[in-house]
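**Student:** Listed below, chain by chain, are the residues.
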Amino acid sequence: MFKKPAHETISQRMKLIFSDQDERIIEHSPAPVEQILFEVGINPLEVIVSRNGNLISEDTVVGSEDAIRIIRIAHGG
Amino acid sequence: MYQRQSGHHLCETHFIEDIQRRVANTIKTRRMIVPEDRVAVALSGGKDSTALLLLLWQLLPTGQDIRLIAITIDEGISGYRDDTIRSAEQLTSRLGIEHHCISFTDLFGDTLDTFLKGRETQACSICGILRKKALVIAAQRAGATKLATGHNLDDEAQSVLMNVFRGDLPRLCRNSGVDSSGKFIPRIKPLSLISEKEIAVYLMLQNEWNELPECPYTRYALRREIRALLSGFEYKHPGTMLHLIESKKKIERYCAGSVLPASLGSCTMCGDPCSGDLCQVCLLRQTFGH
Ligand SMILES: [Zn+2]
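Residue numbers (my numbering), protein chains in the order written: chain A, 1 to 77; chain G, 78 to 367.
Keep in mind that the hints were calculated from the coordinates and are not lab data.
Think of the CB as a built atom: it goes at the ideal place given N, C-alpha and C, for glycine as much as any other residue.
Hints may be right or wrong, so weigh each one.
Sample of chain A residues at the chain G side, in silico, Cβ under 7 Å [claimed, not checked]:
1) His28
2) Leu45
3) Glu46
4) Gly76
Derived CB-CB ranges, DEER-like [to be verified]:
5) G:Gln217 / A:Val40: 22 to 28 Å
6) A:Ile26 / G:Arg296: 26 to 32 Å
7) A:Ile26 / G:Lys313: 37 to 43 Å
8) G:His314 / A:Gln12: 31 to 37 Å
9) G:Arg218 / A:Lys15: 25 to 31 Å
10) G:Asp142 / A:Gln12: 28 to 34 Å
11) A:Gly53 / G:Arg98: 36 to 42 Å
12) G:Gly366 / A:Ile26: 53 to 59 Å
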């Protein structure tokens with residue numbers, strides 16, 4: 001489903017920050033945001049994602065030492 | 078660069094311009110706003126209404142005598158509404174927009190929290206009926222000619238599916254266009270073709286994203302389940318939400334005049350237009366013993 005980057009075998013640490021200040025460190029090779037979300041069971045349509053404070057799209061490849069903030073879009077208008 | 082459902086990549090500037098263009102197009106093709114209109118925006122302070130007010134403020138041409146005002150309803154939901162009202166007040170004072178606030182206590186004698194004691198599972202339908210009435214009263218008091226709400230594509234698609242699941246044919250057939258019967262202040266939904274995610278990204282890019290609490294009653298809501306289900310389908314099958322909305326429009330056309338009563342009567346207690354003897358608000362008032 002996803003194209004695998006050449007350096008796929010190198011496992012790296014990535015920090016996932018969820019809205020409720022709950023942070024998780026995962027071991028993961030560089031991959032598109034969409035794939036990371038898929039693996040932690042999150043529908044990309046229900047969140048917005050930023051890296052080091054900048055909004056990134058679902059096909060952005062994230063890698064080692066990246067701090068990825070996953071912000072849930074709350075219902076309500 | 079951002080990715081939309083279309084698969085396009087847009088830079089920040091073009092993403093914002095694309096949203097503005099599509100909203101302007103919705104307003105224009107459906108004749109939602111015309112010169113001399115006084116548009117009341119239902120501003121809860123949450124993301125959708127914040128985006129709506131900001132977009133209308135950016136888009137409405139000056140010089141055509143179109144006035145924007147904001148109205149906020151304080152339902153009386155503790156631990157939730159205070160934050161969003163503060164956010165609404167800050168936004169309107171920053172944009173210099175006239176702002177009216179009205180509470181359930183003023184209008185109906187008590188807070189939503191009190192009305193819902195023991196009826197929590199009906200929270201959204203009870204709140205929806207009262208809030209609709211409160212918005213109409215607030216809009217009338219403010220002299221509005223249009224009432225704009227922040228309903229987005231996701232909300233609209235969820236409503237179609239909910240009415241199907243409930244077997245609510247009248248609601249499924251109800252005309253969703255701008256009402257021109259003169260009986261109601263016409264309600265308009267300029268964001269009805271913009272997805273929830275696009276709204277979130279737009280606000281983020283405008284530095285207007287606030288992390289606000291979610292309404293405590295949503296855990297009782299059928300809509301919450303429908304929302305998760307539908308966004309799962311939309312992700313796997315892009316276009317699902319638009320297809321639902323297109324189906325509703327088709328059903329509306331086929332059912333015109335055959336499911337809904339041709340003319341509305343008036344509520345015997347308050348005189349508001351309704352289909353039975355009593356309007357939904359007066360029915361609720363009876364239930365609450367007010
Ligand atoms: Zn009534």
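**Student:** State for each hint whether it applies.
**Tutor:** Verification of the supplied hints:
Because the smallest distance between the Cβ of histidine 28 of chain A and any Cβ of chain G comes to about 21 Å, over 7 Å, the interface hint for this residue is violated. Restraint check, leucine 45 of chain A versus chain G: the minimum CB separation of about 5 Å is within 7 Å; hint holds. Hint on glutamate 46 of chain A holds. Least Cβ distance to chain G is approximately 6 Å, under the 7 Å limit. With a cut of 7 Å, the hint placing glycine 76 of chain A at the interface with chain G holds, because the nearest CB-to-CB distance is about 5 Å.
Restraint check, glutamine 217 of chain G to valine 40 of chain A: a C-beta distance of roughly 48 Å breaks the suggested window 22 to 28 Å. For isoleucine 26 of chain A and arginine 296 of chain G, the Cβ-Cβ distance of about 29 Å falls inside the hinted range of 26 to 32 Å, so the restraint holds. The hinted range of 37 to 43 Å is not satisfied by isoleucine 26 of chain A and lysine 313 of chain G, whose Cβ atoms lie roughly 24 Å apart. At about 33 Å, the CB distance of histidine 314 of chain G to glutamine 12 of chain A agrees with the hint of 31 to 37 Å.
Remark: the range hint 25 to 31 Å for arginine 218 of chain G to lysine 15 of chain A is contradicted by a beta-carbon distance near 51 Å. Judged by the Cβ atoms, the range 28 to 34 Å given for aspartate 142 of chain G and glutamine 12 of chain A is violated: they are separated by roughly 60 Å. For glycine 53 of chain A and arginine 98 of chain G, the Cβ-Cβ distance of about 28 Å falls outside the hinted range of 36 to 42 Å, so the restraint is violated. Taken as a hint, the range 53 to 59 Å holds for the pair glycine 366 of chain G and isoleucine 26 of chain A, whose Cβ atoms sit roughly 55 Å apart.
The structure shown violates the earlier hints numbered 1, 5, 7, 9, 10 and 11.
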